[in-house]
Every structure is written in C-alpha cells, then in structure tokens.
Amino acid sequence: MRTVDLARTSLRELNAELHRQTEGANETGFVVLNPRGGHAIAVGIDAPVDVQIKGSVGYYCAGMNKKASVTVHGSAGPGVAENMMSGRVVVMGDASQYAGATGRGGLLVIEGNASSRCGISMKGIDIVVRGNIGHMSAFMAQSGNLVVLGDAGDALGDSIYEARLFVRGKVKRLGADCIEKEMRAEHHEALAKLLEAAGIRGVASTEFRRYGSARKLYNFNIDNADAY
Amino acid sequence: MTYHNPPTTPRFSSTFDAYTLSEIRRAAATGIYDIRGGGAKRKIPHFDDLLFLGASMSRYPLEGYREKCGTNVVLGSRFAKKPVELKIPITIAGMSFGSLSAQAKEALGRGASIAGTSTTTGDGGMTPEERGQSKTLVYQYLPSRYGMNPDDLRKADCIEVVVGQGAKPGGGGMLLGQKISDRVAEMRNLPKGIDQRSACRHPDWTGPDDLEIKIMELREITDWEKPIYVKIGGARPYYDVALAVKAGADVVVVDGMQGGTAATQEVFIEHVGQPTLACIRPAVQALQDLGMHRKVQLVVSGGIRNGADVAKALALGADAVAIGTAALVALGDNDPALEPEYKKLNTTAGAYDDWHEGQDPAGITTQTPELAARLDPVRAGRRLANYLKVMTLEAQTIARAAGHNHVHNLEPEDLCALTIEAAAMARVPLAGTSWIPGQGGV
Ligand SMILES: Cc1cc2nc3c(=O)[nH]c(=O)nc-3n(C[C@H](O)[C@H](O)[C@H](O)COP(=O)(O)O)c2cc1C
Chain R
24 MRTVDLARTS LRELNAELHR QTEGANETGF VVLNPRGGHA IAVGIDAPVD
74 VQIKGSVGYY CAGMNKKASV TVHGSAGPGV AENMMSGRVV VMGDASQYAG
124 ATGRGGLLVI EGNASSRCGI SMKGIDIVVR GNIGHMSAFM AQSGNLVVLG
174 DAGDALGDSI YEARLFVRGK VKRLGADCIE KEMRAEHHEA LAKLLEAAGI
224 RGVASTEFRR YGSARKLYNF NIDNADAY
Chain X
2 MTYHNPPTTP RFSSTFDAYT LSEIRRAAAT GIYDIRGGGA KRKIPHFDDL
52 LFLGASMSRY PLEGYREKCG TNVVLGSRFA KKPVELKIPI TIAGMSFGSL
102 SAQAKEALGR GASIAGTSTT TGDGGMTPEE RGQSKTLVYQ YLPSRYGMNP
152 DDLRKADCIE VVVGQGAKPG GGGMLLGQKI SDRVAEMRNL PKGIDQRSAC
202 RHPDWTGPDD LEIKIMELRE ITDWEKPIYV KIGGARPYYD VALAVKAGAD
252 VVVVDGMQGG TAATQEVFIE HVGQPTLACI RPAVQALQDL GMHRKVQLVV
302 SGGIRNGADV AKALALGADA VAIGTAALVA LGDNDPALEP EYKKLNTTAG
352 AYDDWHEGQD PAGITTQTPE LAARLDPVRA GRRLANYLKV MTLEAQTIAR
402 AAGHNHVHNL EPEDLCALTI EAAAMARVPL AGTSWIPGQG GV
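In order, the protein sequences belong to chains R and X.
Take the first sequence: its letters are residues 24 to 251, numbered as in the numbering used here.
Take the second sequence: its letters are residues 2 to 443, numbered as in the numbering used here.
Simulated from the structure, these hints should not be mistaken for laboratory data.
Each hint should be verified, as a subset may be incorrect.
Derived pair list, reagent style PhoX-like, types lysine-lysine, alpha-carbon separation capped at 25 Å [claimed, not checked]: (1) R:K216 with R:K193; (2) X:K42 with X:K344; (3) R:K239 with X:K193; (4) X:K82 with X:K296; (5) X:K42 with X:K345; (6) R:K89 with X:K156; (7) X:K296 with X:K88; (8) R:K216 with R:K204; (9) X:K156 with R:K90; (10) R:K239 with R:K204; (11) X:K193 with R:K204; (12) X:K296 with X:K136.
Construct all of the structure, not just a fragment, from the sequences and the given hints.
Structure follows, in structure tokens:
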C-alpha cells in the first residue's frame, strides 16, 4: 500500500506514478491524502490498481479510467469518471454536474446525489446513483444503464438513443423522445445485477420504472420539428 | 391613335435571383432546410483582394532557386514536452471518418506524411489506416466524443479541442443515416442507419474557465507530452483567441466562415461567422497583446487554395494554415472527368456539394464500399503531396520576391489591398494610398 499526500506531492507526480503502473505491477493499492478539491486527480489510469482518495475532489476525478478501482471518500466536482472505459469509480458523497459523461464502460456508483447532466452522452457506462439526479440527465445518452434510487430532475433522457434508464422515485418530466417502457424479465435481471454490483441491498428491481427512446427522432422528419 | 408598345427585355431581379427562387421552391416542396457540404459560396472579401508589393529599391529580393527560404514550423512549444516540427506550414484540417471514406482518410495521411506535414482526425474517432499512414496526427476532441478513448489519445501526436468551426460557429454536426455503415456506427456506439447529431457544446465543460481545467486534465492524462490546440470558428476572434490562450492552449486554430463542412444547413454556412480575412489580424493582435505571438502558434483555415493564400495568411501573422476542401479536390473531389455521374445526381462537376448523401462518385465523401473503392489511397495521397509541394513552392516564390529567407518573415508591410473592405479587414493600406480604414477598435 502506497500513500501519496497531495499536501506534499504534486498532482503531476501522483498521476505519473499511477500511469507507470501496468498489469501485474507490484504496487496495487494507493491511498491519496489531502485531495482538497483538486482537479484531474487519478486521471488516465490504465491498470487494475485500487485508489482510495481521502477527501473531496474537484473536476474530472478518475477521468478516462481503465481497469482501476477509484473511491472518493468525499464529494466529487464536475465530470467525475468522464469517458470512463472500464473499472469502477465510487463517490461516497455527492457528485456535481456531468457525472460519468460520455463513459464507455465500467461502473460509476454515487452514494449521494448527482447534479444536472448525469450520464450525459453516455456510451456504454453503467451508473448507479443512490440519491437523486438533476435536470437534463442522460441527454443524448447512447448506451449503457443509468440507475437512480431517488428522483430524476427535469428533461430526463432528452434526445436519448439506446441507453436504459431505471428510476425508483419520481421523474419531474421526460425530455424529447424519451418514454416510459415496459420492464420485461431481461430488464429485471439486468437491474438486479447492477444493484448487486453497486453493493445496494434491500432494494428490489420491481420498485423501478424503465425509460428509453421512442426512436421517433432517429431520422429527421419535418412533422417532428416541434420536438427539437 | 394606336401606340406601339415595344417589348422590353425580360428583367430578372438581383434580389430574387435564380438560386433564391429555386431555394424558395425547394423549401415549399419539402418543408425542410437545405443541408450541404463545403463552405460559403457567396463572394466575400478574401485573400484575392490582397497583393504583395515585392522587392524594389528599398528591399532586395532573394535569388529564386539558389537562396534558401525556410518553410518549417514548430507547433506546441509553449507547454508540451514534445512539440511537433512540420516541414511546411500547410496542415490538413480535421475531417471525420464517417463524412469521408476510410480510403480518403488514409490518402490524406499518406499525402501529408510525404509532404512532411500533419493531418487531423475528426468527429468520429481515429482509424488505424489513418494513424498508420500519418507521421504526425492531430486527434480531435469534440463535443460528440464519438470514438474518444485514452488509447487513441496517447497514440496521437497532438490533441485539438474543437470549440467551433468556421462553417458553423455555434453549431453541432450531422451525419445522415445513409452514411452510417456498420463500421461508422460501431465507432460511434450508435445503431446503424440513424441520423447522428453531434452536440454543439462539450458535454462536460462550458466556458473558458472550465476549458482551462479540461486542458489540464488532458495534459495530465497524456503526461504533458502533447501539444494541445484549441480550434475556434471565426466568431469573435480577438476575445476567443485571448481566452483560448488563457485556457492554456499551445496552438490556436481559427477557422473563417469560408471553411468547409461535411454537412450543415445552407443558412448557417452562408450567414454565420466572419470571413477568414477578417479573423486573422484580431487573432494576431490578441496574441501580441498577451505577449504570446509566436509562442502560442496560430493556424488559420477557411478558403486556403494556393501558395499565395498561404503567404498572405502568414504575412498577416499566422504561423501555419490548414486546408480541407482544397485537399479533397487534390484527392479527386468534383473532378470534371466524372461529369456524367454528377449529371445523374442533378449537379455538375465543381458544384457538387451534397456530401451528406453519401453518393460521391469520386469515392471521397461516401461510406458505400463500391464508391469508396474507387479512390486509390496511394495515388490520391501522391496527388495531395504534389499539390502541397506546389503550394509550398509558390509561397516560397513570393517570400523570396519580398526578400525573406523564411516564410515566417513575411509581414503586413509586404501587402496592399485592392478594396477598401479588404484593407480594413486585413489592416493593410489600400493600394496606391497609405490609408488603412477602420482603425480605432479591435
Ligand atoms: C468533409 C469535411 C469534414 C469536416 N469535418 C470536420 C470535423 O470533423 N471536425 C472539425 O473540426 N472540422 C471539420 N471540418 C472543417 C475543417 O476542419 C476545416 O475547418 C475547413 O475545411 C477549412 O476550410 P477549407 O475547407 O476552406 O479549407 C470538415 C470539413 C470538411 C470539408
């Protein structure tokens, strides 16, 4: 276990060290102290290391993560786990805007609430939020799953493509081309797996509703112009 | 008494000209705006409205074939550990795989590499063909983030954060269903055959303060090795360039309104943005005011066609230029030899711009395998390299005639303008006078 104190070590040194880790490296556990809301902490990792960040982080923590498991013991600023490829990112507190934006794979778990534009343009990532999410979440979401145990804000899933949205609480309003869809057996199964992967117990898949694309805006049609 | 009423010649309106009338009829018939490729087609003040003075009594020229005239340019010297050095100041602009065939992308890489310059990916990600054939490859970071991944980011030589494009400052992208092949769909994580809209804003930042943090993140991910460009459309060049510099760019790319696009609304292409000529001096002034001219490099694009345009852009203060449309023409786009096929598409060679429809007989702006196979990437790459060589020789010819041993030594003082408009935009005197109109603001 290696401890890096950002009060004494620069961000550059921390990230460079994390980038030196490759598959099968000796050092697999990192503890980061005094993150103090700093930006771009633990970005661009490409190895199955475990990083425990003891405090809150600023923008883009764990951006473009591959294979690593990153836990923020605090809250995260905008764009946490943006464009994540694989691995696991957990935020113990709340997350600001654009959590998991454009993510392609892996699992992002937010124990608190997520702000607006959670899962914007997501492309394969799975996101599980224990609390609520803000407006314009899953905007233009292409694929992957967004699971929300609380409520969703305005314009959920606007211009959504093939991503699946599961919300347990209320949805303030659905965005353009986003509709409620039937929960079939396959969805219950997938959702139950996601909840388990996120370490969430005592919540059943039957408590959720599913939302997705009506696929009406997939090819331009003048009669739909008002929806744009 | 009867009057003889002699017939008058039928008179057409210059306000309601033939194109305008046809566009009204088209809109009435279809109910949808016109989408097309290419750049602004109307006549606007451009490099043709400038002339070089040449050497005379007070300046002496360099010998055409004997005395050296350098053309190399270093991009990214501000922060990047690995700046790139190009042999010529003419680069290939970002054009997406999706809008262009894989063969066309490969040809661009081949041509650029032979000529010693860089090429650029586009909205749709990096293809192995393109990476393999490009000695220096700039990887675009766009709002859609189609195909974006850290492996390709690390394979790139430079990263270009695209804020806007001259053809459509403030607009997103569009790739219509007919061009979404299996491969394009897979790279973009979307179903085949549906229209793909690219957002007009980045999903995870807005404004220059966020951009500064975004650039820092990209540098951290790539260990501060790669030059980071910021590309902006010609909207408010003075302030936009200043903010890009503040956000930490190594290189700023300014794309004027004549800049090409793969597919955008005609109304956007023709009515939004400032002419390339009007963008350069404000951009240079922003760099000078910040003490960053030649430290942060300026790349100018939008309607660059020949060595004279290159020389004029450099004389006005750019470090390099980028070409899109002209590179496609060098590969074989709009070739009159294909006239019978253009006729079938209800157009004519030289005017074909329905690139979004994917039926390009030249095999360049298409994803249809039979059409794309018509373009031989090796031959087309060779043609592009030839063209780049000619442009470079032309720019050198002008620089030598003006007495400069490097194209970067060209300066505004070498120029005069043919029109008052061009004089005001380029901030050089109207020919035969010492008058530079429009001074007193930025
Ligand atoms: C077919 C085509 C595709 C383009 N795709 C992109 C793109 O993906 N990203 C981008 O920033 N600019 C794109 N552009 C704009 C070019 O990068 C460049 O700004 C423009 O072509 C320069 O003007 P020029 O065509 O007059 O040389 C595209 C242009 C064309 C012609």
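### Query
Given the proposed pairing of K82 of chain X with K296 of chain X, does the C-alpha separation stay at or below 25 Å?
Roughly 14 Å between the alpha carbons, so the hint for K82 of chain X and K296 of chain X holds.
- Query: Is the hinted pair K296 of chain X and K136 of chain X satisfied, with a Cα-Cα distance of at most 25 Å?
  - Reply: Distance ~24 Å between K296 of chain X and K136 of chain X Cα, so the pair holds.
Note to self: Checking one constraint from the list: CA of K193 of chain X to CA of K204 of chain R, max 25 Å. Satisfied?
What the structure shows: 22 Å, holds
Is the Cα-Cα distance between K239 of chain R and K193 of chain X 25 Å or less?
-> 15 Å, holds
**Given hint K90 of chain R paired with K156 of chain X - CA-CA distance at most 25 Å** = 19 Å, holds
* **Restraint check for K89 of chain R with K156 of chain X, where alpha carbons must lie at most 25 Å apart** => Distance ~16 Å between K89 of chain R and K156 of chain X Cα, so the pair holds.
inquiry  = Check the hint pairing K216 of chain R with K193 of chain R against an upper bound of 25 Å on the C-alpha distance.
reply    = 22 Å, holds
* Asked: Between K296 of chain X and K88 of chain X, is the straight-line Cα distance small enough, at 25 Å or below?
  -> OK: K296 of chain X and K88 of chain X at ~18 Å, within 25 Å.
> If you draw a straight line from the CA of K42 of chain X to the CA of K345 of chain X, is it 25 Å or shorter?
Replying inline: Holds, at roughly 22 Å.
Agreement of K239 of chain R and K204 of chain R with the hint, judged by alpha carbon distance not exceeding 25 Å: At roughly 14 Å apart (the allowed maximum being 25 Å), K204 of chain R and K239 of chain R satisfy the hint.
When you check the alpha-carbon spacing of K216 of chain R and K204 of chain R, does it fall within 25 Å? 19 Å, holds
| field | 25 Å Cα cutoff - pair K42 of chain X, K344 of chain X | value | The hint holds at about 20 Å.
Violation of the numbered hints given earlier is absent; every hint is satisfied by the structure.
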